[in-house]
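We have chain A; now place chains B, C and D onto it with these hints.
Number of protein chains: 4
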Amino acid sequence: MLRVTVWNENRHEQSNPKVSEVYPKGIHGAIAEFLQSENTEVSTATLDDAEHGLTEEVLQSTDVLLWWGHIAHDEVEDEIVEKVRQRVLDGMGLIVLHSGHFSKIFKVLMGTSCDLKWREADEKERIWIVDPSHPITEGLGEYIELEAEEMYGEHFDIPAPDELVMVSWFEGGEVFRSGCTYRRGQGKIFYFRPGHETYPTYYNTDIQRVIQNAVQWAKPVNLPKPVYGNAKALEEIKSK
Amino acid sequence: MLRVTVWNENRHEQSNPKVSEVYPKGIHGAIAEFLQSENTEVSTATLDDAEHGLTEEVLQSTDVLLWWGHIAHDEVEDEIVEKVRQRVLDGMGLIVLHSGHFSKIFKVLMGTSCDLKWREADEKERIWIVDPSHPITEGLGEYIELEAEEMYGEHFDIPAPDELVMVSWFEGGEVFRSGCTYRRGQGKIFYFRPGHETYPTYYNTDIQRVIQNAVQWAKPVNLPKPVYGNAKALEEIKSK
Amino acid sequence: MLRVTVWNENRHEQSNPKVSEVYPKGIHGAIAEFLQSENTEVSTATLDDAEHGLTEEVLQSTDVLLWWGHIAHDEVEDEIVEKVRQRVLDGMGLIVLHSGHFSKIFKVLMGTSCDLKWREADEKERIWIVDPSHPITEGLGEYIELEAEEMYGEHFDIPAPDELVMVSWFEGGEVFRSGCTYRRGQGKIFYFRPGHETYPTYYNTDIQRVIQNAVQWAKPVNLPKPVYGNAKALEEIKSK
Amino acid sequence: MLRVTVWNENRHEQSNPKVSEVYPKGIHGAIAEFLQSENTEVSTATLDDAEHGLTEEVLQSTDVLLWWGHIAHDEVEDEIVEKVRQRVLDGMGLIVLHSGHFSKIFKVLMGTSCDLKWREADEKERIWIVDPSHPITEGLGEYIELEAEEMYGEHFDIPAPDELVMVSWFEGGEVFRSGCTYRRGQGKIFYFRPGHETYPTYYNTDIQRVIQNAVQWAKPVNLPKPVYGNAKALEEIKSK
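Chains A, B, C and D are the protein sequences, given in the same order.
Counting in full-length UniProt numbering, the first sequence runs from 1 upward without gaps.
Counting in full-length UniProt numbering, the second sequence runs from 1 upward without gaps.
Counting in full-length UniProt numbering, the third sequence runs from 1 upward without gaps.
Counting in full-length UniProt numbering, the fourth sequence runs from 1 upward without gaps.
Any given hint might turn out to be false.
[As the list claims (entries may be wrong)] Below 25 Å or equal to it, Euclidean Cα-Cα: the simulated SDA-like pairs (lysine to any residue) are:
#  : chain 1 : residue 1 : chain 2 : residue 2
1  : C       : Lys-238   : D       : Glu-145
2  : B       : Lys-232   : C       : Trp-118
3  : C       : Lys-107   : A       : Lys-232
4  : D       : Lys-232   : C       : Asp-206
5  : D       : Lys-238   : A       : His-52
6  : B       : Lys-219   : A       : Pro-135
7  : A       : Lys-232   : D       : Ser-113
8  : B       : Lys-238   : C       : Glu-142
9  : A       : Lys-219   : B       : Gln-208
10 : A       : Lys-107   : D       : Asn-230
11 : C       : Lys-238   : D       : Gly-172
12 : A       : Lys-107   : D       : Asp-90
13 : C       : Lys-107   : B       : Glu-77
14 : C       : Lys-219   : D       : Trp-217
[Claimed, not checked] One-sided excerpt, in silico: chain A residues whose CB lies under 8 Å from chain C:
#  : residue
15 : Glu-51
16 : Cys-114
17 : His-155
18 : Ala-160
19 : Gly-173
20 : Val-175
21 : Val-227
22 : Tyr-228
Bear in mind the hints are in silico, worked out from the structure with no lab data behind them.
Just so you know, even glycine gets a beta-carbon here, dropped at the ideal spot from N, CA and C.
Bound conformation, chain A alone (with noise of 0.2 Å):
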């Protein structure tokens, strides 16, 4: 069984009846529904739960994480960020969607500014998969179309990914680096772009294919946690 916890900021829902409308449980309760299967648990937690809803015990207990956040990323403690980090290092997956990219969370693990061009104008996007080898695309074609997302465009300040499986185009003349892997630790990181609050993108199935099969890709391997320190040597050293 796989345990997987959607975090949500879930402030939009609140305040924006537009976003309310497209999403009334929640952008978190709407990937929940899809994310649920025989075989894969799901929770929920979001900004204004008790410890973010992110305590020691929920934290252990998942094995894929996913992160969805925009215009409350500074209220997110740091202590449960370098909690959540440590987890990642320690083989939790972590799946970040669109806004995530500004998240506390994916800055401090990737290490850049996490920058780019943005623009909100009901424009198409096209995301076209350049690694049809990578298990993130299985049952897709060869792009996936939204007809209406908001921009982001290049240049994305991230490392240059482990893995980059897509890549958008935007009507208005932008690329962006749209599927992206990245690997700290023993955990597996997969940044996936689309997702505007105010879309019905994660009602796509084909939106939704991609993330299920992120899920599957950043389940933890099951391996001791690296030995780390002074260690004795394994073999003779001879004196000098």
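For chains B, C and D alone, kept in the frame of chain A given last:
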């Protein structure tokens, strides 16, 4: 049901009693035995079979192909090599073992000489895991120790691996990139260093674990073959 | 003094007046002109020269080779291709331009089909820089805009580049990995997309800048060729 | 004129006579000496200088910064670390030496723990070059041998390097990724393992060569800082 084919040159086994003693069913037989499982159907094929046992039918029904060869690389027909290459580009996984580094199929997929240093001196090898997030390392410890193996040393003339999973230490003073992944077209490739014919390396349960994991990792992704060639515009192009 | 050889198929120039009008000295002539400098000695070579102008002597005295070909890839002798490949593995830089993606030399070095989507529709291309730390981008802005070019679209069947430097946006709806680096043996390779024969692309000063930068980046490193083959132990090996 | 700043914690030199005997001018002094050249202007800065010698002015006029630290990582002010990080993202090269793996600046740029195994046992290290195409290897042989060094062993908890240039073999049985490059923002980073304070490692001419090469490799690219934030469309967006 995953369909695996283990290909072996199977020549040392015919000519060198030391080898047939260690591998009475051939290296292919030993590998097939530990790969066979409830969910994995394993066949074997050897150089001296008609079409080297790699007919169009066999290749089309193989999800992951393993390759062991050494003294008879040149006897593998170019036409068959090209068919195998095509199948890899179309999604078949390929696991190249030990002296297979010099096989025609590995060399055409890499583009480089694939040359290296070597020595047969019954020396100790310790294979360190450098990427503990990788599914190929599932169930292992920090390293795999082999009391006696052939040495392979750097410089190993391969393209920089997409993922470097393991690095070997050798008693005689060399290091080697021992576990390397590549993606070519829709196919995934894993090169795994150990497995000299005179040592019981393929009976080592850690070595078996790596190969079992690699087979799972290398399985094809279900995605239509990308469309190539002349393409109609998806968006209107303004006349200049 | 850097020694550069610009190789061009030089066939369109003979048969298509539109091309010879744009490139009266041939594509090779146009490229040679902007590469020539105080510190760079440039020669040209074409398909119809003896040994395609790539004699052993020429190759041995070339630090960086540029390659433009399109309709006559098949006429390039396999033996010459193999010599070029060997020189790349021995350290010669190689810059593959535009339709050179389908040249024999690029395909053998990549191991994949190097296939792609294409369209001739006088459409706009905007080449975005995605790695602004790369020396190949020195002196550029955020993107290069070309009013009319041939389209190349994903999926581009290449190994994941060692470094992805540029991504193109096309008016008709596609994206493309337009600036890609690879290392093979001791040699460095840069693939650069633009340059269809009927457009004055190689007169664009940004395009020229990229190619000038790439030549500097691709120059050989002064390092003895690694030693391959049987190797004596550097450290004592204990008898078992 | 390339402007280089060598930063050193400079504490062992004050407290341990063994170290001050090996490095009478401090580790920074020894490094500055072999970096100084006709085209390279070298300054030094240490922990106990005001603002650790890394004022805004110093940072703005530094092209490449070298970093050696060990027992006093925690005394480096977070504010200064953040300024250095910003300069790296803006293009300044950074070369992190030996125990600098645990410096604040390296850890925030990597996002991981940067932990490793270590042992002080006067053992032999042999640093093998695994990428002989890389400019950092210019002028070296196949490996660098150090008669006695501290051991650093895998697992080294870093992101997979953008380029892996060197791998160390240690007498006591470990291996280590010793020469690693990264790009962060517009800046280039090189981590280079050797250099324990009690050994004359920085007087070894091969080690000096690597650091000289790395300084050249890491120098900033002249490119305007990418524009981030809200962006006007470059192409017309059709109303839906």
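Practice problem: Compare the structure with the hints numbered earlier in the document and write down the numbers of the violated ones, lowest to highest. | Solution: 3, 5, 15, 16, 21 and 22
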